[in-house]
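Protein sequences, first through last, are from chains R and A.
Note that our numbering numbers the first sequence so that position 169 is 169, with each residue one more than the last.
Note that our numbering numbers the second sequence so that position 75 is 75, with each residue one more than the last.
Be aware that a few hints might be false.
Chain copies aren't distinguished; within one or between two, either way the pair holds.
Unchecked claim - 25 Å max Cα-Cα, derived SDA-like pairs, lysine to any residue:
1) Lys109 with Lys162
2) Lys144 with Asn200
3) Lys162 with Glu6
4) Lys3 with Pro175
5) Lys109 with Tyr172
6) Lys3 with Asp53
7) Lys214 with Ala27
8) Lys54 with Pro182
9) Lys195 with Arg212
10) Lys3 with Tyr205
Rather than coming from a laboratory, the hints here were simulated on the basis of the structure.
The lines below spell out each chain.
There are 2 protein chains.
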Amino acid sequence: MTKRSELRRYPDRGSHDASTIHAILDAGFLAHVGFAVNGQPFVIPTLYGRCGDKLYMHGSAASRMLRELERGAPACVAVTIIDGLVLARSAFHHSMNYRSVVAFGTARKIQETERILDALRVISEHMIAGRWADVRGPSEKELKATMVLEFSIEEASTKIRKGPPIDEEEDYALPFWAGIVPISLSAGKPEADPKMRARNDVPTYIRDYEARLKSNRS
Amino acid sequence: MTKRSELRRYPDRGSHDASTIHAILDAGFLAHVGFAVNGQPFVIPTLYGRCGDKLYMHGSAASRMLRELERGAPACVAVTIIDGLVLARSAFHHSMNYRSVVAFGTARKIQETERILDALRVISEHMIAGRWADVRGPSEKELKATMVLEFSIEEASTKIRKGPPIDEEEDYALPFWAGIVPISLSAGKPEADPKMRARNDVPTYIRDYEARLKSNRS
Chain R
1 MTKRSELRRY PDRGSHDAST IHAILDAGFL AHVGFAVNGQ PFVIPTLYGR
51 CGDKLYMHGS AASRMLRELE RGAPACVAVT IIDGLVLARS AFHHSMNYRS
101 VVAFGTARKI QETERILDAL RVISEHMIAG RWADVRGPSE KELKATMVLE
151 FSIEEASTKI RKGPPIDEEE DYALPFWAGI VPISLSAGKP EADPKMRARN
201 DVPTYIRDYE ARLKSNRS
Chain A
1 MTKRSELRRY PDRGSHDAST IHAILDAGFL AHVGFAVNGQ PFVIPTLYGR
51 CGDKLYMHGS AASRMLRELE RGAPACVAVT IIDGLVLARS AFHHSMNYRS
101 VVAFGTARKI QETERILDAL RVISEHMIAG RWADVRGPSE KELKATMVLE
151 FSIEEASTKI RKGPPIDEEE DYALPFWAGI VPISLSAGKP EADPKMRARN
201 DVPTYIRDYE ARLKSNRS
């Protein structure tokens, strides 16, 4: 652990514990990846998958982000899950309930076809478990157009806030409504592609997706 | 518009149109802010409010992010709204439906108390409209402990993907289920702080919050 992942603000909300880091990374699926080019920072949203302390990301071989990262530039990956609004009696103590990871490390491009396929499977299964076995896999041409990066987490920290608002002692007598409004991602009814020729039923793993989102709630 | 906000990948999904940028910023409420310190990128999640081409952010006067940004360091602010999983017949054409903004600019610290209060109100009303009039406002001591930044958007781009998967022509005959699974944020039932003394009803603007989230869906 170095200065860059030191928990300065609200250290009581923070941790460097690997199992907490992994649990948040597994509950989320959208990362915001930061890198700098000549001092100019970029932040790009991307999907990911996790295996141990590695995150896998993919995209076009022409992507600016991936081409910068594969050079080994220092990167920062943030994953944030919103759990609720925290409505205190004072404006000052308003907050969010959330779980977040900020991870530092570097990425490298995966070269071997077998490992590329493994990583793509990890990303796909992280997005929606069960899908990888139920699609046409990548062709040679598609693999050539795809860059897959392995981001090694060198250090990371988490922050978690949960529970009701914490107000100043004298403010508890104020008449304002206080509490939390839970917020979470939820899935709507799957919408079949109008161009689908076979009238397939929605597969179980897709119908189960809403339950997966629910299980990721705090 | 310069190289940094050039739309290289899927330019047909992208835009530099101000009204599109503003609509996405108004529909989201969580930003990921990127900045670099000696080449090391940081990405920090934060709430924000918008007024014109300015974003307002606040936090502790001791926050690393705010102290770096107030020096005028180049920053990148990303706001991403997930609208759904896009399940294609081929692994390669899987995607997400989403709306995102990547904005570049610099921030400055707001010094004048009146403008600080205005900015805090904008952030609060962006989080949940109606709340600012229903709380104890910031004390002098609280204002001293709070730093408020005005981030001026110098250039920005949006990306939007919507609609069903787009597959290779020959893949439409494959038997896999294809379509989208809509995803959105939703609010649960407000949970009163157990320490609330008056048995207040949940105010209308809090009961309306779920409707606000719904109205932000694509």
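Results for each hint:
1. Taking CA atoms no more than 25 Å apart as the test, Lys109 paired with Lys162 passes in neither setting, with 37 Å inside one copy and 29 Å between copies.
2. In the homo-oligomer, the alpha carbons of Lys144 and Asn200 never lie at most 25 Å apart, since the shortest distance is 31 Å inside one protomer and 61 Å across protomers.
3. Taking the shortest alpha-carbon separations for Lys162 and Glu6, only the intra-copy value of 21 Å comes in at or below 25 Å, while the best inter-copy value is 39 Å.
4. When the C-alpha separation of Lys3 and Pro175 is checked against a cutoff of 25 Å, the pair qualifies neither within a copy, at 43 Å, nor between copies, at 53 Å.
5. For the identical chains of this complex, Lys109 and Tyr172 are neighbours neither inside a copy (54 Å) nor across copies (32 Å), given an alpha-carbon limit of 25 Å.
6. For a Cα distance limit of 25 Å, the shortest separation of Lys3 from Asp53 inside one copy, 20 Å, qualifies, whereas the shortest one across copies, 33 Å, does not.
7. With identical chains, the CA atoms of Lys214 and Ala27 are at most 25 Å apart both within one copy (10 Å) and between copies (23 Å).
8. Taking the closest pair of Cα atoms, Lys54 and Pro182 never come within 25 Å of each other, the shortest separation being 31 Å inside a single copy and 28 Å across copies.
9. For the identical chains of this complex, Lys195 and Arg212 are neighbours neither inside a copy (27 Å) nor across copies (33 Å), given an alpha-carbon limit of 25 Å.
10. In this assembly of identical chains, the alpha carbons of Lys3 and Tyr205 never lie at most 25 Å apart, being 42 Å within a copy and 42 Å across copies at closest.
The structure fails hints 1, 2, 4, 5, 8, 9, 10 (numbered hints given earlier, in ascending order).
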